[in-house]
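Colleague: If you want the building blocks of each chain, they are given just below.
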Amino acid sequence: MRWRTAHQPRLTVIRALLVFWLVVPLTPLVLWAGASRWSGTVRLPQDFGFRGWQEALDAGVIAALVRSGLLGVAVALIATPLGVMAGRALGWRLLRRPALPSVVLLAPVVLAPFAVAMGLDVVILRLGIPGEIAVVLVLSVFALPYTTFTMRATYLGLDPDLEEQARVLGASTRQARRRVTLPAATTGLATATGLAFLVGWSDYAVTLLIGGGQIVTAPMLIGSAAAGSGNDALSSTLAISASLPPLVALAVFTYAASRRRTAAHS
Amino acid sequence: MTQHPTSSPRSRGDRRATRQLGGARLVAPAVLLILAVTGTALGAVVATSLGLLPLVGQPRLNIDGFTTLAGDLRAATQESLLTATTATLLAAAIGLAIATIVVRAGGGVRLVIGLTVAVMTVPHLVGAAGTGLLLSDVGLAQRWSGISAASWPELVGGRWPWATVLELAWKESAFVALVVFASVGRHYADLREVAAVLGAAPRAQWRRVLLPLAAPALASSSLIVFVYSLGTYEVARLLGRAYPEPLPVMAYRLFTDIDVAARPQAAATAVVATGLALLAAVMALPLLRRLGADR
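Residue numbers (this note's numbering), protein chains in the order written: chain U, 1 to 266; chain P, 1001 to 1295.
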């Protein structure tokens, strides 16, 4: 476009500033994770090395990451199918009065996780329900708005008649849904699953409140390292190990999706 | 579900009724789970705050939970509102800037998109750890700026919640950008072409085309950022000062107090935080509806 050339320098500056804004809070983590000694207030570490990583391993980071992963998977296993169903009903306008269900499905966005966790903790203590189950339930509730409204948007972009046509051609209701609609909804489905997983993977407040420190996930380790120890190399290493797995998964998915798109085009 | 949509001689109204029944069945599990969990939890929080669910002793209806620490509760409310408002304004402005750059510049912004998505996936706790190491008085910013540690401003744990606000704004700006980008994307490309052909300058294109298109998504994502910032615990816990603390930090501190008499006060704090968030949502609803964000 012609007009863009005149504004190129300003656009470049703004773009650079935004990149700076997005990157800068993560920079110290990368530096500290590679520093084995960085005392005083000097600009760069005196010694580079893997001290932080060794300490993270000693602190049980692997087990904590596995626990976080399991929590993410459990939340995704509950929140994604329920969100797909609700999103289908909302996106395809299968409800006569969608207002009230929509409000309920959005409500968790407004509620503070710590308040819900606190209330449920009082109840499960009396009923003797294991903390792990309560954590998964609470986090699934907080993941539901994301899965539901991602799938609502996905279904809005899909034609309900295609399923109907598949049924006319002899497919059962289930086959039509599995073979016609779901393949077309892959990106939405992956986004919803990813978001639900992240709710479980990143949670701190709910796990801390209901688990009472007994359920040691990766954020628990980061929290205690960053709050108390003053061991910056350790907290940076823990923070990076908790950030990388979702990023790698995202990169792989984006790559696979772009490959599929190119394959479809050629 | 209609099993044989074409062979059945059913009337159209009949079919719609079946579809609606199917629709109700589809939303029921999600709706029931949310109602059961949040209903139970909020019921228990309100009951605890009113002295009806004491850990020990007899239940007795009273409002001591709210009145005993009324001063602290007011200070925490102010701190929470201040933090959430500033963080929301910053996140909305920067998120809109990111979305603008992305929808306008077409190619060459893959780095910005990639980073925005990456920030979105990073846990808040990680952002808080990084922000702490960046802005504390022995942090990276101090080390690299050459300002002495003694004269470095109190950004972490100081009188004003700078670090908390910046962390929330950082991560939520990515959220706002992605929501706006997703809702504007295709439409804007078409409309901008029309606007450009009709002779609109870039600035007019932004103000007259992009801003109105982005407004519903911007408003609803800002509301989400605001209520999220009101209810978040870990960021202020790591980066904020001890007093006055925001509502979630105060609630957690009281909840884990060895004195069980603090439980009703913790619950009262949670009730206030929940009430504020609900109030914000109710107040924002007319605006969202006028912008068409409810569609």
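A portion of the hints provided could be inaccurate.
Label pairs and their computed distance ranges (CB to CB) [said to hold, decoys possible]:
hint, chain 1, residue 1, chain 2, residue 2, range
1, U, Leu169, P, Arg1025, 54 to 62 Å
2, U, Thr12, P, Arg1253, 41 to 49 Å
3, P, Pro1153, U, Asp159, 55 to 63 Å
4, P, Arg1253, U, Gln214, 34 to 42 Å
Since the hints were derived computationally from the structure, they do not count as laboratory data.
Keep in mind the model is a prediction, meaning the values are calculated, not measured.
Cβ atoms here follow ideal geometry from the backbone N, Cα and C, with glycine treated the same way.
Colleague: With 41 to 49 Å as the target window, see if U:Thr12 and P:Arg1253 comply at their CB atoms.
Modeller: About 47 Å separates the Cβ atoms of U:Thr12 and P:Arg1253, which means 41 to 49 Å holds.
Colleague: Has the hinted range 54 to 62 Å been met by the Cβ atoms of U:Leu169 and P:Arg1025?
Modeller: Because 25 Å falls outside the window, the suggested range is violated.
Colleague: Look at the Cβ atoms of P:Arg1253 and U:Gln214 and judge whether their distance stays inside 34 to 42 Å.
Modeller: 19 Å, violated
Colleague: Holds or violated: the 55 to 63 Å window for the beta-carbon distance between P:Pro1153 and U:Asp159?
Modeller: 57 Å, holds
Violated hints, in rising order: 1, 4; the structure is consistent with all others.
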